[in-house]
Amino acid sequence: MPVELFIALRYLSASRKRAHVALVSAISVAGLALGVAALVVSIALLTGFQDKIRTRLAANTPHLVVEPSSSETFSDASAMARAVSGDRDVRRVDPAFEGRGWVADGRSRTILPARYRAGADSPKAGETEVSTAVAGQLGVARGSLVVVASLRTVLTPLGPIPVTVPLRVSSLRRAGTLEATPDLAISRADAAVLAGDPDPVSRLEVRLADPSRADAVARRLRGSLGKAVVVRTARQLNSGLDFALRLEKVLIFVTVFLIVLVAALNVVSDLALLVVEKRRDLGVLATLGASPRALSRVYWWLGGSISGIGTVAGVAIGAALSWALDFFSLVRLPADVYVLDHVPFALHPRDLALVLLFSAAAALAATAMPARSAARVGPAEALRLSR
Amino acid sequence: MTSPVVARGLAKTYGSGQAAVPVFSGLSLEIADGEFVAIVGPSGSGKSTLLHLLAGLDRPDAGEVEIDGEPLARMSAAALARLRNEKIGFVFQFHHLLPEFSALENVAMPLRLAGVARKRAEAQAGELLAQVGLSARAGHRPAEMSGGELQRAAIARAVAARPPILFADEPTGNLDTENAEIVFALLRKLHAERGKSAVLVTHDRDLARRCDKIFSMTREGVKAGDVREV
Chain P
360 MPVELFIALR
370 YLSASRKRAH
380 VALVSAISVA
390 GLALGVAALV
400 VSIALLTGFQ
410 DKIRTRLAAN
420 TPHLVVEPSS
430 SETFSDASAM
440 ARAVSGDRDV
450 RRVDPAFEGR
460 GWVADGRSRT
470 ILPARYRAGA
480 DSPKAGETEV
490 STAVAGQLGV
500 ARGSLVVVAS
510 LRTVLTPLGP
520 IPVTVPLRVS
530 SLRRAGTLEA
540 TPDLAISRAD
550 AAVLAGDPDP
560 VSRLEVRLAD
570 PSRADAVARR
580 LRGSLGKAVV
590 VRTARQLNSG
600 LDFALRLEKV
610 LIFVTVFLIV
620 LVAALNVVSD
630 LALLVVEKRR
640 DLGVLATLGA
650 SPRALSRVYW
660 WLGGSISGIG
670 TVAGVAIGAA
680 LSWALDFFSL
690 VRLPADVYVL
700 DHVPFALHPR
710 DLALVLLFSA
720 AAALAATAMP
730 ARSAARVGPA
740 EALRLSR
Chain Z
94 MTSPVVARGL
104 AKTYGSGQAA
114 VPVFSGLSLE
124 IADGEFVAIV
134 GPSGSGKSTL
144 LHLLAGLDRP
154 DAGEVEIDGE
164 PLARMSAAAL
174 ARLRNEKIGF
184 VFQFHHLLPE
194 FSALENVAMP
204 LRLAGVARKR
214 AEAQAGELLA
224 QVGLSARAGH
234 RPAEMSGGEL
244 QRAAIARAVA
254 ARPPILFADE
264 PTGNLDTENA
274 EIVFALLRKL
284 HAERGKSAVL
294 VTHDRDLARR
304 CDKIFSMTRE
314 GVKAGDVREV
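Protein chains in written order, with the numbering used here: chain P, 360 to 746; chain Z, 94 to 323.
If you're looking for bench data, these hints aren't it; they were derived computationally from the structure.
Quick caveat, the model's predicted, so the values are computed rather than measured.
C-beta atoms are modelled at their ideal positions from N, C-alpha and C, and glycine is treated no differently.
Don't take every hint at face value.
As the list claims (entries may be wrong) - Derived list of chain Z stretches under chain P, where covered just means 3 residues or more per stretch with a C-beta under 8 angstroms from a C-beta of chain P: (1) 166–174; (2) 178–185; (3) 205–214; (4) 263–272.
Claimed, not checked - Among chain P residues calculated to face chain Z with C-beta under 7 angstroms, some are: (5) R369; (6) A373; (7) G502; (8) V643; (9) T646; (10) L647; (11) G648; (12) A649; (13) S650; (14) P651; (15) A741.
Said to hold, decoys possible - Residues of chain P clear of chain Z, computed beta-carbon distances all greater than 10 angstroms: (16) K411; (17) G582; (18) Q595; (19) A603; (20) L610; (21) L620; (22) V627; (23) R639; (24) A719.
Please construct the entire structure, taking both the sequences and the accompanying hints into account.
Here it is, written out as structure tokens:
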């Protein structure tokens with residue numbers, strides 16, 4: 360054991376016998392532990408919610424979307440679907456068509472711009488499933504007639520007019536949380552009329568065996584399919600939300616980390632007190648041959664010990680609290696109002712490592728000043744002043 | 094042969110401006126190898142300050158100190174610390190043992206600071222404590238020891254790293270006559286056994302007379318004198 364650590368540990372254990380130093384040291388360790396625990400619980404709370412959001416997003420969003428890069432639809436969607444299915448990580452490929460146009464109620468009193476979609480779960484030909492938002496604006500209900508017009512036009516004696524399809528409202532659909540619901544779900548046959556293509560496919564929706572491999576698979580597909588297609592991952596499709604979630608986490612981390620910084624100031628005052636109290640001993644050690652660096656190292660060890668104990672205790676308390684809050688569903692939510700029935704807490708090893716790293720760094724930075732002042736203690740001056 | 098301790102033209106002032114208190118100036122002395130020297134003088138004449146300058150614990154405002162031919166002025170703080178560890182033993186008036194450590198650990202401290210492993214350092218410290226008659230007190234902390242025992246332990250600590258020069262700043266000043274005699278005898282014994290140079294600052298004229306040489310300090314400077322004249 361280095362002599363500096365030997366001295367530091369003795370100071371720490373001896374300080375328990377001196378009430379005022381022990382109190383200040385205990386406050387330093389407890390403050391740091393509380394700050395770190397608060398940080399861990401805050402991050403766990405945020406991660407819990409964000410994990411739920413991401414899980415729901417993953418359930419409602421394809422892991423990858425493959426779209427043609429220079430046209431609205433694929434010229435040979437079946438061949439493209441086969442090529443995509445050939446990847447070892449791809450579990451399912453669903454062709455879908457998404458288009459933009461207008462929708463009007465049966466009497467054309469209200470016309471709205473609309474997004475329509477024909478996918479794997481489309482209604483029968485001649486029918487449509489309308490989102491509640493659009494149905495409300497159009498004033499239509501189940502069984503009503505709506506007219507969908509595409510951006511495509513046909514030439515008539517009266518000039519170019521949009522292609523239209525009359526459809527019966529088969530059902531209304533309420534958008535779930537974080538669901539990108541189209542305004543209208545239509546059949547593939549009606550989509551063919553609107554697009555002017557017997558089998559229109561504007562995107563291939565890909566599900567993977569392991570969603571976490573989306574980036575790697577996307578890179579591979581871009582390489583194998585070339586520039587004719589654009590491959591986007593779920594994260595890219597939801598980049599706005601993803602950015603917001605990350606920003607939220609960073610901001611919470613920075614804000615709650617201020618508590619740790621305040622606790623680190625306690626470490627500064629604790630060690631500064633110890634430098635003043637031990638001034639005579641530092642002078643004696645210098646007389647015996649301790650170099651300024653060795654004296655400084657004694658305080659680095661002291662600061663390191665206080666920081667280490669405080670940070671590790673804080674992480675342990677925070678992690679245990681987060682686990683208990685989640686496992687026993689201690690913070691209940693009214694299930695009829697919120698999507699979740701309890702507040703979720705989740706901890707990722709990366710988050711814990713970051714908390715440990717930043718907290719230990721803050722506490723160690725707090726050690727720098729007292730350590731420097733210990734190194735500057737001149738033996739004669741220390742002995743003279745402590746007489 | 095180079096004298097182990099040489100001081101030339103030393104000057105020291107505490108404070109600055111109107112509050113400046115000059116302690117001495119132009120002070121020179123030389124201590125030969127193996128000498129046991131006493132420095133005497135009235136309070137405030139700067140005996141302790143001189144000892145601090147000679148031991149490299151403080152820096153003079155002017156003049157220079159050489160230990161074994163090495164000028165201290167040009168040394169870095171780290172080099173000075175190494176020199177103090179290897180070449181200088183220092184005994185304070187108030188023992189200045191570290192209160193959190195046992196007598197054994199205190200005596201072993203200069204060896205530990207020199208990089209000697211704990212076990213070996215404490216074995217050597219144990220032998221030294223036996224020499225000063227404190228084997229039974231090895232595990233005791235300073236708060237559990239008497240004044241005389243503390244000073245004997247402090248002397249053991251000062252010689253633990255076998256330094257060639259020993260400085261003692263009124264080592265008996267805080268002791269009764271009996272303990273003062275024991276401590277002085279111990280200093281002389283260790284000096285005789287190890288044959289090194291020793292500088293003793295003292296108020297006690299009787300003790301000074303028993304040294305090889307005396308330097309008398311006055312406001313005007315330091316004067317080497319005959320022990321019989323004191």
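How the hints compare with the structure:
1. Judged by the Cβ-Cβ criterion of 8 angstroms, the segment 166–174 of chain Z is covered by chain P as claimed, because 3 of its residues qualify and three suffice.
2. Evaluation of the coverage hint for the segment 178–185 of chain Z: fulfilled, as 4 residues show C-beta separations to chain P shorter than 8 angstroms, against a requirement of three.
3. Coverage of a stretch by a chain is defined here by at least three residues with a beta carbon nearer than 8 angstroms to that chain's beta carbons; for the segment 205–214 of chain Z and chain P the count is 4, and the condition holds.
4. Requiring three or more residues with a Cβ within less than 8 angstroms of a Cβ of chain P, the coverage given for the segment 263–272 of chain Z is violated, as only 0 such residues are present.
5. A cut of 7 angstroms between beta carbons decides the hint on R369/P: the least distance to chain Z is about 5 angstroms, and the hint holds.
6. Checking A373/P against chain Z: minimum C-beta separation of about 4 angstroms stays under 7 angstroms; hint holds.
7. Hint on G502/P is violated. Least Cβ distance to chain Z is approximately 89 angstroms, over the 7 angstroms limit.
8. A least Cβ separation of about 5 angstroms between V643/P and chain Z falls short of the 7 angstroms threshold, and the interface hint therefore holds.
9. Using the Cβ-Cβ criterion of 7 angstroms, the hint placing T646/P at the interface with chain Z is satisfied: the shortest such distance is roughly 5 angstroms.
10. Look at L647/P: its Cβ gets to within about 5 angstroms of chain Z, closer than 7 angstroms, so that hint holds up.
11. Hint on G648/P holds. Least Cβ distance to chain Z is approximately 2 angstroms, under the 7 angstroms limit.
12. Hint on A649/P holds. Least Cβ distance to chain Z is approximately 5 angstroms, under the 7 angstroms limit.
13. For S650/P, the shortest C-beta to C-beta distance to chain Z is roughly 4 angstroms, which falls under 7 angstroms, so the interface hint holds.
14. For P651/P, the suggested interface contact is upheld, since its CB lies about 5 angstroms from the closest CB of chain Z, less than 7 angstroms.
15. Interface hint at A741/P: violated, since its Cβ lies 9 angstroms from the closest Cβ of chain Z, which is beyond the 7 angstroms cut-off.
16. Even its closest Cβ contact with chain Z, about 53 angstroms, leaves K411/P beyond 10 angstroms, as expected for a residue assigned away from the interface.
17. Chain Z leaves G582/P outside its interface by the beta-carbon criterion, the shortest separation being 59 angstroms against a cut-off of 10 angstroms.
18. With a cut of 10 angstroms on Cβ distances, Q595/P stays outside the contact zone with chain Z, its closest approach being about 57 angstroms.
19. Against chain Z, the non-interface label of A603/P holds: every CB pair exceeds 10 angstroms, the least being about 54 angstroms.
20. Distance check for L610/P against chain Z: the nearest CB is about 45 angstroms away, which clears 10 angstroms, and the non-interface claim stands.
21. No Cβ of chain Z approaches the Cβ of L620/P within 10 angstroms, the least distance being about 31 angstroms, so the stated non-interface status holds.
22. Consistency note on V627/P: stated as away from chain Z, and its beta-carbon is indeed over 10 angstroms from all of that chain's, at 22 angstroms minimum.
23. Interface exclusion of R639/P from chain Z breaks down, the closest Cβ pair being 7 angstroms apart, not more than 10 angstroms.
24. Residue-level check passed: A719/P sits 26 angstroms from the nearest beta carbon of chain Z, beyond 10 angstroms.
When held up to the earlier numbered hints, the structure conflicts with 4, 7, 15, 23 and fits the remainder.
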